[in-house]
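Chemist: Here is how the chains run, residue by residue.
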Amino acid sequence: MPLKSPLFSIEHCSLFLVLLLLTILTFAGSLIVGASSVGWKDLLSVFVGQESEMAHLILLEIRLPRALLGLMVGFTLGLGGAVLQGYLRNPLAEPGLIGVSGAASFGAVITIYTGAAGLFALALPLGSILTALFAVFLVQLLAGKNGGSLRLILAGIAVTSFASALTSLALNMAPNPFVSLEIMFWLMGSLADRSFEHVWLVMPFMIIGWALLFKLGRSLDALTLGEDAAQTLGFNLKHIRHLMIIGVALSVGAATSVSGSIGFVGLVVPHLLRRWVGHKPSALLLASGLGGAILLLTADIAVRLLTTGTELKLGVLTSLIGAPFFLFLIVKTKRNTMS
Amino acid sequence: MAFSWRCLIFLLIAVSEIWLEPVLAKPERIVSINLCTDQLLMLLADRDRIISVSYLATKKDTSAMIREATGITKNHGRAEEIMLMKPDLILAGSFTSHPTVFLLKKLGYRIVEVPVIRNLDDIRQNIKTVAEAIGEPQRGIKMIANFDDRLSALQASPTTKKPIAVFYRENSYTTGGHTLANAILDTAGMLNLAKQLGISGSGHLPLETLLTHPSDILILGRKRSQKGSVAAAAFDHPAFKKLAESRLAITIHNPYWICGTPFVLDAIEHLVTVKKTWQKTLSSR
Amino acid sequence: MTLLEAKNLSVQLDQKTILEGIHFHLQAGELVALIGPNGSGKTTLLKTLCGLLPAQQGKITALGTPLASIPRQQLAKILAYLPQGNESHWSITVESLVMLGRLPHQNPWQTPSNHDKEIVCQALKACDALQFKDRPVDHLSGGEKARVMLARALAVEPKILLADEPVAGLDPGHQLEVMERFQQLSSSGMGIVTVIHDLTLAARYCDRLVLLYDQQVLAEGIPEKVLTTKNLALSFNIQAHIGKMQGLPFIIPTSVAHPNQE
Numbered sequence: 001m002p003l004k005s006p007l008f009s010i011e012h013c014s015l016f017l018v019l020l021l022l023t024i025l026t027f028a029g030s031l032i033v034g035a036s037s038v039g040w041k042d043l044l045s046v047f048v049g050q051e052s053e054m055a056h057l058i059l060l061e062i063r064l065p066r067a068l069l070g071l072m073v074g075f076t077l078g079l080g081g082a083v084l085q086g087y088l089r090n091p092l093a094e095p096g097l098i099g100v101s102g103a104a105s106f107g108a109v110i111t112i113y114t115g116a117a118g119l120f121a122l123a124l125p126l127g128s129i130l131t132a133l134f135a136v137f138l139v140q141l142l143a144g145k146n147g148g149s150l151r152l153i154l155a156g157i158a159v160t161s162f163a164s165a166l167t168s169l170a171l172n173m174a175p176n177p178f179v180s181l182e183i184m185f186w187l188m189g190s191l192a193d194r195s196f197e198h199v200w201l202v203m204p205f206m207i208i209g210w211a212l213l214f215k216l217g218r219s220l221d222a223l224t225l226g227e228d229a230a231q232t233l234g235f236n237l238k239h240i241r242h243l244m245i246i247g248v249a250l251s252v253g254a255a256t257s258v259s260g261s262i263g264f265v266g267l268v269v270p271h272l273l274r275r276w277v278g279h280k281p282s283a284l285l286l287a288s289g290l291g292g293a294i295l296l297l298t299a300d301i302a303v304r305l306l307t308t309g310t311e312l313k314l315g316v317l318t319s320l321i322g323a324p325f326f327l328f329l330i331v332k333t334k335r336n337t338m339s
Numbered sequence: 340m341a342f343s344w345r346c347l348i349f350l351l352i353a354v355s356e357i358w359l360e361p362v363l364a365k366p367e368r369i370v371s372i373n374l375c376t377d378q379l380l381m382l383l384a385d386r387d388r389i390i391s392v393s394y395l396a397t398k399k400d401t402s403a404m405i406r407e408a409t410g411i412t413k414n415h416g417r418a419e420e421i422m423l424m425k426p427d428l429i430l431a432g433s434f435t436s437h438p439t440v441f442l443l444k445k446l447g448y449r450i451v452e453v454p455v456i457r458n459l460d461d462i463r464q465n466i467k468t469v470a471e472a473i474g475e476p477q478r479g480i481k482m483i484a485n486f487d488d489r490l491s492a493l494q495a496s497p498t499t500k501k502p503i504a505v506f507y508r509e510n511s512y513t514t515g516g517h518t519l520a521n522a523i524l525d526t527a528g529m530l531n532l533a534k535q536l537g538i539s540g541s542g543h544l545p546l547e548t549l550l551t552h553p554s555d556i557l558i559l560g561r562k563r564s565q566k567g568s569v570a571a572a573a574f575d576h577p578a579f580k581k582l583a584e585s586r587l588a589i590t591i592h593n594p595y596w597i598c599g600t601p602f603v604l605d606a607i608e609h610l611v612t613v614k615k616t617w618q619k620t621l622s623s624r
Numbered sequence: 625m626t627l628l629e630a631k632n633l634s635v636q637l638d639q640k641t642i643l644e645g646i647h648f649h650l651q652a653g654e655l656v657a658l659i660g661p662n663g664s665g666k667t668t669l670l671k672t673l674c675g676l677l678p679a680q681q682g683k684i685t686a687l688g689t690p691l692a693s694i695p696r697q698q699l700a701k702i703l704a705y706l707p708q709g710n711e712s713h714w715s716i717t718v719e720s721l722v723m724l725g726r727l728p729h730q731n732p733w734q735t736p737s738n739h740d741k742e743i744v745c746q747a748l749k750a751c752d753a754l755q756f757k758d759r760p761v762d763h764l765s766g767g768e769k770a771r772v773m774l775a776r777a778l779a780v781e782p783k784i785l786l787a788d789e790p791v792a793g794l795d796p797g798h799q800l801e802v803m804e805r806f807q808q809l810s811s812s813g814m815g816i817v818t819v820i821h822d823l824t825l826a827a828r829y830c831d832r833l834v835l836l837y838d839q840q841v842l843a844e845g846i847p848e849k850v851l852t853t854k855n856l857a858l859s860f861n862i863q864a865h866i867g868k869m870q871g872l873p874f875i876i877p878t879s880v881a882h883p884n885q886e
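Chains as they are written, first to last, in my numbering: chain A, 1 to 339; chain B, 340 to 624; chain C, 625 to 886.
The following block holds chain A by itself, in its conformation from the complex (with noise of 0.2 Å):
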C-alpha cells in the first residue's frame, strides 16, 4: 500500500484516462471479434461509408449493440458492486445481494417456461426487470423503515433464495427437455446474438439507475464514519437506503435481464481499483464502473476467441475466472487482519 494517495492529484487523473483509454480499446475490440472474418478493416470502411452490406450487417447489427450491451451491463455492475459495498461498508458485498439478480433471473425463466418469451423480442427482458421491481418492493417491505444495513442484508438473502427455488421449480417441472436446456443456457449468462431493441429497452432504466447510484457519492463517503456520524453529518439513512436500491434495481435488474446472471464482475472490480482511488468510495464509482465495463468486454471478447463452436458462456467465464480470484480476496484479508 503506498503510503501517499492524495486525493486530487495527477494520480486520479492518469487513473481515469488508462480506464477510458481500455474501455475504448475493448470496445473496438469487441467490434472486431466474432465468427465471421469480419475484422478491424471493415470496421474503418464503415467509418468511410464503404462496406460491404454483409459487414454492415455484421459489424452495426449484430457485434454493435452486443458491444453496447457489454460496456453497459459491465459498467451497472461494477458500479453496482462499488455502491454495494460503500453503502454496507464490506469489501465482500456484491450487486446482487439486495435480491435484484436473483429476482430478474426468476422472471427470464418464467417467460421462457410459459413461452412467453418467444412471442416478442423484447418479451424476456421485460418480465425479467418487472419481476425484479416487484422483487425491490419485497425487499423494501421486508426491510422495515429505520434504515438499518443487516435487515436489508438478511431481507435480499430471503428474496434471493425465494427466487432461485422457483427458478429450480421452473426447471424441475419443465414441460420438456428443451425448455430446461433454455432456461439453463440462458441462467449462465450472455451477451450472443443480442440486437439494438434490447440495447433500447435497458438504456432508459439503466441511465436512470447510474444516475440515482452517482447520486449517492456523497452519502457513501459520509458512510466511511458509521451511521451515526453520517446522519449527523447531515445525511438520512433511509433516503440513502431507497436511493440505492432503487438505482441497484432498475440498473442491475435492468442487466440481469438481458445478459443473464453474471457473477464475480460486481464483487471483484471495485476491490481492485479502491487502493488507486484512495479508497474514497465516491471516487471509485465511476472507476469501478469503466473498470466493470472493461473487464466484461473483456471477457465477451474472451469467450469468441477461445471456443470456436458452440460459444462458452458469459457468465461461466466470469465465474471461472471471479471465484478463485475470490478465494485470494478471502486469503489475503484475513491475513491483513491478523497482521
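Keep in mind the hints are simulated off the structure, nothing from the lab. We put the beta carbon where it would ideally sit given N, CA and C, even for glycine. Check each hint, because a few of them may be wrong.
Distance windows between CB atoms, simulated [unchecked claim]:
1) 758(C) / 207(A): 30 to 38 Å
2) 517(B) / 116(A): 14 to 22 Å
3) 116(A) / 445(B): 17 to 25 Å
4) 467(B) / 119(A): 18 to 26 Å
5) 433(B) / 711(C): 56 to 64 Å
6) 367(B) / 116(A): 31 to 39 Å
7) 145(A) / 681(C): 17 to 25 Å
8) 583(B) / 119(A): 43 to 51 Å
9) 853(C) / 141(A): 53 to 61 Å
10) 445(B) / 137(A): 30 to 38 Å
Covered by chain C, according to a simulated footprint, are these stretches of chain A (three or more residues, beta-carbon under 8 Å) [stated by the list, open to error]:
11) 179-191
12) 211-223
13) 232-244
Assemble the complex: chain A is given as a structure, and chains B and C must be docked to it using the hints.
Modeler: Relative to the frame of chain A, chains B and C by itself:
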C-alpha cells in the same frame, strides 16, 4: 409506446409470411439450427439445397441421421455464422435460443419455427410445415401418407393385454404424459406407469415408488459409460437390480425418441416386438 | 444564548426506559461534561440531543427551534457529533477523512474549495495531526486516530459539539491537549458536551458537570458541587479522595463503597 408498435409490425410480418408462403420462390439455401428440423430437412430436401445443419446432427447420442449429415457444414446457431451462409430459409425449433431467432428475423431472414411435439399428430403437422416451407409440399404429403401406412400396419396387431411400461433414466428420471415418449408407448399398445402416477412431462420417480407399483417392462436410458456415473448410480442399487431381474428390461436407442420424425415409427416397431416377447413369456409361464 | 435545551426528556429503547425526566441545557461558550457509571445513559442522552434517537417524551430545542423541525442538513451545519469508537470503514487518507466534516457545507458535486482545505488544515493543526495528513487512517495508532476524528468534528465548524469519550485511549499528554483545545473552543463561543470517564479531567476543565444515575440527573452544576463523596458513592459506588494540588482539583477513587450505604 414505440416497442409495442414494433411488435405489432413484427407480428403482421410473421402472419403475412405464413400466408405468402406458397407464393414464395423455392428456397435454395436452407440452414437448420435445430436437431429436429435438421432431420426433417434432410429427409425432405435435396442435398444441394441444404447449406448447413446443426452440429448435433452428427452426434450419435442424439441424431438418427449421422451418415446423411456428414459432409454438410455444421453450425452452432449463432447469428453471425448463419448470416455468412446467406440463407434464404432458416429452420429453427421453438426453443432455439430466442435472442438469435429474433435477431435473424429482425435482419430480414425468413425463419420457420417448428414447435416441440407432444403426440403423433404433431409429427404430421411438423412434416407439413417443413415441407411447405422448403417448397416441397408434395414430398411432405407423400411422407405423411407413408407414415400413416406404416403406423396403421403397426397398430393392426391385436392387443390382448397391455403391459405396463416405465421409463427409468439416469437420476431416477421418468417420462409421463403429454410427451412424445408417452405417445410412442401408447401407439405400441403399452401403458405408461409414470402417466398413471400423474406425472406430466418429465419427472422424478423414486426407486421406492418404482418398486411398489406393478410394472412389466423397464425402459432404461442408454448408459453413458461402462462404469456408470453418479447419475446412473440408481441402476447399481441392489433393490433395482433385483427388480430388473424379474422384469423385462430394455434399453432404447435415444435418437428415435427425441424428435418428431418418421424415425419414431422405428421406436414403435421396436416396442411392438418387445411386447410380443413379453406376451410369449407371459403365456409360457 | 441557549444552544441546546431539553425539557422533561424520556427515552426508551426496546421498551426499556433509559432516561426519564431529564432536564438539560447548554449555553454558548460552555464546556459541559456528562459523567456517570456505565449504562447510565450518557451515550443515549448524547444521541437523543443530536436527533439520532427519538425521545418518547419531552422537548428538545436547538438555538430556540424544536429539534424535530430543523432539517438534517441545517442541523449538520451547527451541530457536530463525535461518536465513540473512532470507526473509519475505509482506509482513506487523514486529510480526506477530515474533509468529510465539510460535507454539510458543500453542494452535491462540488469539489472542496480552498476555504474548505484551509479549515481542514486548521482543524488538523488544532488536533496535532497535520503531520500525518497524507497517511491512510488505518495506519494510525489509537491516539492518533482519536485526534483525527476530533479534527473531523471540528472541521464542521459547529456551534455545538457533542463528543462521546473523545479522550479514551489517548496518552496523558494528548488527553490534556484535547481538553485544553475544548476549553479554548468553548471560550471562543462553542458549546461542547463531552462524555468523559476521567473525573479529574472533568473537574479541572469543565464549566459544568451533569451526573447521570438511575435514568435521571443525580446532580448538576459546577464541579465542586457535583463531585461530592456522597454523589460518587451513590452513583459510581466508590469511596474517593477529593482534593486540590497547586489549585488543581483531583479525584482519586480509593475503594469500592459498601453496598449497604444505600
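Chemist: Could you check the hint for me, namely that residue 853(C) and residue 141(A) are 53 to 61 Å apart, CB to CB?
Modeler: holds, 56 Å
Chemist: Determine whether the Cβ-Cβ distance between residue 145(A) and residue 681(C) falls within the hinted range of 17 to 25 Å.
Modeler: Holds: the Cβ-Cβ distance is about 21 Å, inside 17 to 25 Å.
Chemist: Take the stretch 211-223 of chain A, compare each residue's beta carbon with every beta carbon of chain C, and decide whether three or more fall closer than 8 Å.
Modeler: holds (count 5)
Chemist: Quick one: are residue 367(B) and residue 116(A) within 31 to 39 Å, going by C-beta?
Modeler: holds, 35 Å
Chemist: Examine the stretch 232-244 of chain A for residues whose CB is less than 8 Å from any CB of chain C, and state whether their number is three or more.
Modeler: holds (count 5)
Chemist: Cβ-Cβ distance between residue 583(B) and residue 119(A): within 43 to 51 Å?
Modeler: holds, 45 Å
Chemist: For the range 18 to 26 Å, tell me whether the beta carbons of residue 467(B) and residue 119(A) fit it or not.
Modeler: holds, 23 Å
Chemist: Holds or violated: the 14 to 22 Å window for the beta-carbon distance between residue 517(B) and residue 116(A)?
Modeler: holds, 19 Å
Chemist: Within 30 to 38 Å: is that where the Cβ-Cβ distance between residue 445(B) and residue 137(A) falls?
Modeler: holds, 33 Å
Chemist: Holds or violated: 56 to 64 Å for the Cβ distance of residue 433(B) and residue 711(C)?
Modeler: holds, 57 Å
Chemist: Please check whether residue 116(A) and residue 445(B) have a Cβ separation lying inside 17 to 25 Å.
Modeler: For residue 116(A) and residue 445(B) the Cβ distance comes to about 19 Å; the hint holds.
Chemist: Report holds or violated for chain C covering the stretch 179-191 of chain A, Cβ cut-off 8 Å, minimum 3 residues.
Modeler: Not satisfied, violated; 0 residues make the cut.
Hint compliance for this structure: hint 11 is the single one not met.
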